[in-house]
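This is what each chain is made of:
2 protein chains.
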Amino acid sequence: MRDVAIIGVHVTKCGEIWNKSFRDLFVEAGLGAIKDAGVDHIDSMYIGCMSGGLFVGQEHIGALMADYLGQAPVPATRVESACASGGVALRTGMLDVASGHSDIVLVGGVEKMTDIGGDEATYALATAADQEWEGFNGVTFPGLYAMMAVAHMHRYGTTPQQLASVAVKNHDNGSLNPVAQFPMKITIDAVLNSVLVADPLHILDCSPVTDGAAAAILVPADRVGKLGKKQGVKIIGSGHATDTIALHSRKDLCALEAVSKSAAIAYAMAGKKPTDMDVCEVHDCFTIAEIMAMEALGFFEKGKAGRAVEAGDTRIGGKIPINTSGGLKSKGHPVGASGVSQAVEIVEQLRGESGARQVKGAKVGMTQNMGGTGASSVVHIMEAM
Amino acid sequence: MRDVAIIGVHVTKCGEIWNKSFRDLFVEAGLGAIKDAGVDHIDSMYIGCMSGGLFVGQEHIGALMADYLGQAPVPATRVESACASGGVALRTGMLDVASGHSDIVLVGGVEKMTDIGGDEATYALATAADQEWEGFNGVTFPGLYAMMAVAHMHRYGTTPQQLASVAVKNHDNGSLNPVAQFPMKITIDAVLNSVLVADPLHILDCSPVTDGAAAAILVPADRVGKLGKKQGVKIIGSGHATDTIALHSRKDLCALEAVSKSAAIAYAMAGKKPTDMDVCEVHDCFTIAEIMAMEALGFFEKGKAGRAVEAGDTRIGGKIPINTSGGLKSKGHPVGASGVSQAVEIVEQLRGESGARQVKGAKVGMTQNMGGTGASSVVHIMEAM
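From first to last, the protein sequence lines are chains A and B. According to this note's numbering, the first sequence is numbered sequentially starting from 1. According to this note's numbering, the second sequence is numbered sequentially starting from 1.
Calculated from the structure, these hints are not laboratory results. Any given hint could be a false lead.
With a cut-off of at most 30 angstroms between alpha-carbon atoms, the simulated DSSO-like pairs for lysine-lysine come out as follows [said to hold, decoys possible]: (1) B:Lys-234 with A:Lys-251; (2) B:Lys-230 with B:Lys-35; (3) B:Lys-360 with B:Lys-302; (4) A:Lys-35 with B:Lys-302; (5) A:Lys-13 with A:Lys-273; (6) A:Lys-363 with A:Lys-273; (7) A:Lys-272 with A:Lys-302; (8) A:Lys-20 with B:Lys-230; (9) A:Lys-304 with A:Lys-319; (10) B:Lys-363 with B:Lys-230; (11) A:Lys-304 with A:Lys-272; (12) A:Lys-251 with B:Lys-20.
Output of the computed footprint for chain A on chain B, the stretches with three or more beta carbons under 8 angstroms from beta carbons of chain A [to be verified]: (13) 45–54; (14) 72–86; (15) 93–107; (16) 131–137; (17) 239–245; (18) 346–360; (19) 366–378.
Some but not every residue of chain A turned toward chain B, in silico, with C-beta under 8 angstroms [to be verified]: (20) Glu-59; (21) Ile-61; (22) Gly-62; (23) Ala-66; (24) Ala-82; (25) Leu-95; (26) His-101; (27) Ala-128; (28) His-240; (29) Thr-242; (30) Leu-253; (31) Glu-257; (32) Gly-371; (33) Gly-372; (34) Ala-375.
A virtual CB, placed ideally from N, CA and C, is assigned to each residue, including glycine.
If we strip away everything but chain A, and leave its shape as in the complex, we get (with noise of 0.2 angstroms):
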């Protein structure tokens, strides 16, 4: 396998994006990425898109995204995991340049959500769990998540204040992000007070439905300068597992075993361990997914990540600075993109060109990106070059 690296990247405006469709945000995200990494061509494009056909009425994306992007006849595939999907398509992408088959690939990920209604996104987000046994039986991601939540409080002790903290917290940064599409700072008592979803997760506990897109350029790590312009980001360590898809198939609600063999075999392909990553950007659909999150990839003891947080340890300046973007709680989280979405924000940290969100002096990071609750996680490492 040949090492593989990123040397140009693009985060649309998250949101509701009302006059930009589906096919013009990909557009976007795409020409971004191809313009920062300065490549004239590309070889072949990975399309990471949950649910086209439920958001947007469009499937067959990977053919629709080479031709808008003007880049038909290259081969374009589209790939899905769920919430995943950017993850996978990073994943697949990478595969295809270590391979030796292509050059220069651009993976991306899209997702519109808006422009169907609260209930039809509500099922559409649903078919990430078993449909013949969760969604059948009108279970929904709130209420998943929810359970999850509410096992971790009886077994370990986690509060509502710590889940809120989670919040506080990606909100401080997101208000440092010109992309996030809820860059309002909130308080632990506006999250405690706002709307109860499925108890104990407020509204202010969940992810937004939102629009955007996100891109990359992936190169072989030796061809780095001759390809394109940009300082290359090496990928260390890509790590993919899934689980049971339904929840109730589980041994453990309090645990993502998938999230900790991803991050096993991205560790060990890497040779780093947890306290070598200097940034980290963590699945946040709900703030019990990102503490969950943090204890499967070893960054803190199981049960102890909801008291790290209230600490301040994952703060920017903290000891494991988490979701320096804002995380998919006030960034947003289109689903079909925000695992790219999330190497977009680990590649501007390690190149420094974070601003105000700066970790100083990072190195090496991590994305860890998840579908459902957790059937799927893909881990990826990366250090800058």
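Fit chain B to the supplied structure of chain A, relying on the hints for placement.
This is chain B only, laid out in the frame that chain A set:
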């Protein structure tokens, strides 16, 4: 890149399969391929599916199928390229093995299309076209292919009888295939007197709506026999290309540029030419599609494929046997599975296992899988080891 071979295949019965669910169908195909190969584990999975969201309300298909196949935590990714999703799964899995990242990869495809009404299925299929310009204005796939047929008839003198000859030949082949959805033989008169769907295409010019799944096991070519028990079939060529998503944007309504380009790449990689092919599965979603694809693949000169079919050149025993399985027309067209199902037929032909459908002495074969009106095409060339 490492050379890659297929050592196990399986396809389910195709049709309106009331007693098996979306996941049941895939698991049946996956277990069948694992058994055929004789492998004791797999390293990763790629699953082609066009629209789990619209057909069965299920996305997150990679994790779902890894779970139900008993293979979690292996990495599992769903890929989509409309009706070329299966071909893209085969290609993506091939790149994973070629890269050196995985040794034993299961590629599969699945679609469960009959659980929704006919109008809903027509809408779901139309998402393979350009939603904003084609779908929105009410064009469906029979209408789009009818426009291509009219153009081909106008320029080259292709006749309704020649179109019907494709259907008759494919049903003759399908009558010998136990998994075929419509194994009955038909006549030219039956086609021409069947209901007109979109002039000049009658219902018997159209492939059906189908439930079904298919799977194959890929390994490094130099480890065939060590990893499994079956004769290997080497993938010696792979090409994937895109074209404009909308038919009205094409330079030529009578040409399938993505097919020509994907074939040229595959021929060059394999060091083969059209006359080297002993047997070929072509994407015959409509009879005109088979004619245009055969011309794009170089089997016949532009405008002459219709006459060749009428003359029997594409029958078993003819110059180049096409769709010995019965094709999408008679075997059935479970859209996300069709590309893998084509590979199953070619592998069995090259292993000499096709019984009454066997092409004598077949050593080199091809699959050509297409999305939309040809906005995507994936071509694989395979050789018996």
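>> Between the stretch 93–107 of chain B and chain A, are there enough contacts, at least three residues with CB-CB distance under 8 angstroms, for the coverage claim to hold?
In response: This one holds; 6 residues, not fewer than the three required, reach chain A with a Cβ under 8 angstroms.
> At a threshold of 8 angstroms, is the proposed contact between Ala-66 of chain A and chain B supported by beta-carbon distances?
Replying inline: holds (4 angstroms)
> Do the alpha carbons of Lys-272 of chain A and Lys-302 of chain A lie within 30 angstroms of each other, as the hint requires?
Replying inline: Between Lys-272 of chain A and Lys-302 of chain A the Cα gap is close to 20 angstroms, so the pair holds against 30 angstroms.
> Given Ala-128 of chain A was flagged as interface, is its beta-carbon under 8 angstroms from a beta-carbon of chain B?
Replying inline: At 4 angstroms from the nearest chain B Cβ, Ala-128 of chain A passes the 8 angstroms test, so the hint holds.
> With a cut-off of 8 angstroms, does the beta carbon of His-101 of chain A approach a beta carbon of chain B closely enough for the hint to hold?
Replying inline: OK, holds: His-101 of chain A within 8 angstroms of chain B, min 6 angstroms.
>> Hint validation: His-240 of chain A versus chain B, beta carbon distance must be below 8 angstroms. Holds or violated?
In response: The hint holds - His-240 of chain A has a Cβ within 8 angstroms of chain B, the shortest such distance being about 4 angstroms.
> Do the numbers back the hint for Leu-95 of chain A, that is, is its least Cβ distance to chain B under 8 angstroms?
Replying inline: Status holds, d = 5 angstroms.
> Are 3 or more residues of the stretch 45–54 of chain B near chain A, judged by a Cβ distance of less than 8 angstroms?
Replying inline: holds (count 5)
> Is the interface hint for Glu-257 of chain A satisfied, with its Cβ closer than 8 angstroms to some Cβ of chain B?
Replying inline: holds (7 angstroms)
> With a cut-off of 8 angstroms, does the beta carbon of Leu-253 of chain A approach a beta carbon of chain B closely enough for the hint to hold?
Replying inline: Leu-253 of chain A check fails; min Cβ-Cβ to chain B is 16 angstroms, beyond 8 angstroms.
>> Count the residues of the stretch 366–378 of chain B whose Cβ falls closer than 8 angstroms to any Cβ of chain A, and tell me whether that reaches three.
In response: holds (count 4)
> Is the hinted pair Lys-304 of chain A and Lys-319 of chain A satisfied, with a Cα-Cα distance of at most 30 angstroms?
Replying inline: Roughly 14 angstroms between the alpha carbons, so the hint for Lys-304 of chain A and Lys-319 of chain A holds.
Checked against the numbered hints given earlier, this structure breaks hints 1, 4, 5, 8, 18, 30; the rest are met.
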